[in-house]
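S.K.: Chains as they are written, first to last, in this note's numbering: chain U, 1 to 331; chain P, 1001 to 1158.
Errors might be hidden in some of the hints.
In silico BS3-like links for lysine-lysine, alpha-carbon gap of 30 Å or less [what the hints assert, rightly or not]:
hint : chain 1 : residue 1 : chain 2 : residue 2
1    : U       : K322      : U       : K281
2    : P       : K1058     : P       : K1041
3    : U       : K252      : U       : K281
4    : P       : K1041     : U       : K38
5    : P       : K1058     : U       : K38
6    : U       : K252      : U       : K183
To be clear, the hints were calculated from the coordinates, so they are not data collected in a lab.
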Amino acid sequence: MRDFSYFRASSVDEARNAVLQAGGALLAGGTTLLDLAKCGVAEPATVVDITHLSGLGEINVDASSAVIGALARMGDVADHTQIRAAFPAVAESLSLAASAQLRNMATIGGNLLQRTRCPYFRDPATFPACNKRNPGSGCPAIGGVTRNHAVLGTSDACIATYPGDLAVALVAFDAFVDLGSRKVSVDDFFLLPGDTPDRETVLGRGEMIVGIGIPASAAARNSTYLKVRDRQSYEFAAASAAVGVELEADGKTVRDIRVALGGVATKPWRARAVEQALIGKALDVETVERASGLAMEGAVSHGGNRYKIELAPRVVARAILKMAQNVGGLA
Amino acid sequence: MTRTIHLSLDINGRRHELDVEPRVTLLDALREELALTGTKKGCDQGQCGACTCHVDGKRVLSCLTLAAQVEGRQITTIEGIAAENGDLHPVQAAFIENDAFQCGYCTPGQIMSAVACIREGHAGSDEEIREYMSGNLCRCGAYNSIVAAVREAAEAVR
Chain U
1 MRDFSYFRAS SVDEARNAVL QAGGALLAGG TTLLDLAKCG VAEPATVVDI
51 THLSGLGEIN VDASSAVIGA LARMGDVADH TQIRAAFPAV AESLSLAASA
101 QLRNMATIGG NLLQRTRCPY FRDPATFPAC NKRNPGSGCP AIGGVTRNHA
151 VLGTSDACIA TYPGDLAVAL VAFDAFVDLG SRKVSVDDFF LLPGDTPDRE
201 TVLGRGEMIV GIGIPASAAA RNSTYLKVRD RQSYEFAAAS AAVGVELEAD
251 GKTVRDIRVA LGGVATKPWR ARAVEQALIG KALDVETVER ASGLAMEGAV
301 SHGGNRYKIE LAPRVVARAI LKMAQNVGGL A
Chain P
1001 MTRTIHLSLD INGRRHELDV EPRVTLLDAL REELALTGTK KGCDQGQCGA
1051 CTCHVDGKRV LSCLTLAAQV EGRQITTIEG IAAENGDLHP VQAAFIENDA
1101 FQCGYCTPGQ IMSAVACIRE GHAGSDEEIR EYMSGNLCRC GAYNSIVAAV
1151 REAAEAVR
């Protein structure tokens, strides 16, 4: 890890100004920044510690929404009684992520900004080329070992998977990122790689996430996060789904349904085609399985990740059927 | 660029003064500057849990924590959990009783993690212990005995 200077910010403005200096990087939980600094991917000249700022770690839930400060820890949000009741998919996406130690460290703002686990991206010594690290240098993952790479939202420049779980749950329930001077929907916050995979979010220079907001809804209240992976705990998703279901008063027709996927796409992936196919329908196994297949519209295999195209719709279907059963709406 | 910074750290109830480069992690500060070598360096990348310590009572990975970041916080390491008179912490005793290690390298991290796991109320069943201890790897594969030790210590504490 290259040396850097250390600056402890005492206000959001001070942090923003400090990070505007050449090579400044915000330090919250540190679980991404210090990891990437050790890999040689991040080389900050100044580390701006924001963990001593007060007032950014609060979790407030009322009948209309949840508002969570950027510095709230993953573990505290996962265990929060009201979050668990009103947004179970959000709580589960956090408790199924990382380890207890990392959840005590990592913050909500930092969690959104975690970088891909693409092994080529993470190993600049062995693989100098990487369009995410060095725009225009090429992508060694394409044609390489692609078991964990994305099948949705990829480009000729980058096929790296967005690794997070929380953002998948957030995108399903129309959450937004609060940047202080503006609010951006989570869906719009993350960018597709296209020709500029080095640009992962709309975050501008000197901008900082100060919190997130999640609108309450019946679908969010009846929701789940299903994560399938190579081992049962402490592992990134091979494929995951955040699903929420609200039925009409008849107890069987779908009024509102939310579906988002993780582990298979270059950004948190809202599967609106699946939702549209199920609104107004009764949920039986065949209908749900057929609709879930729409989640893979446009999917591209790179060889090793071909299994995800078969796996992801099954994960989606399982999650929808579980939520249908949960409200007694499984035909 | 700042070459060294002065830090005052509260570790196991004692104040330690040190001058370190800003990039020095809590793990390296403990081991290299303060000779508190009970905390182990395994992967040094947040993947193995061998470096687990407590900051303000919560278990964290000291390899991904800057020493500078924890100034003003209460740090507890494996050296700080036994009683003043030398009596072992119930989790330490349970690890010995259940032979919950082979080589022992992951053990301080396992114990620090287990102490917090029990305190959090996440040691209610073997399944829950396995889930909430998943951040601590044991390459010798002593997992069954580790689960037994955590279960026994949780019952003793309760």
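S.K.: It remains to establish, for every hint, whether it holds in the given structure.
M.R.: Hint by hint, here is what the structure shows:
{"no.": "1", "hint": "K322(U) - K281(U)", "in the structure": "holds, 16 Å"}
{"no.": "2", "hint": "K1058(P) - K1041(P)", "in the structure": "holds, 19 Å"}
{"no.": "3", "hint": "K252(U) - K281(U)", "in the structure": "holds, 8 Å"}
{"no.": "4", "hint": "K1041(P) - K38(U)", "in the structure": "holds, 14 Å"}
{"no.": "5", "hint": "K1058(P) - K38(U)", "in the structure": "holds, 24 Å"}
{"no.": "6", "hint": "K252(U) - K183(U)", "in the structure": "violated, 36 Å"}
Figure legend: structure checked against the earlier numbered hints; the only hint not met is number 6.
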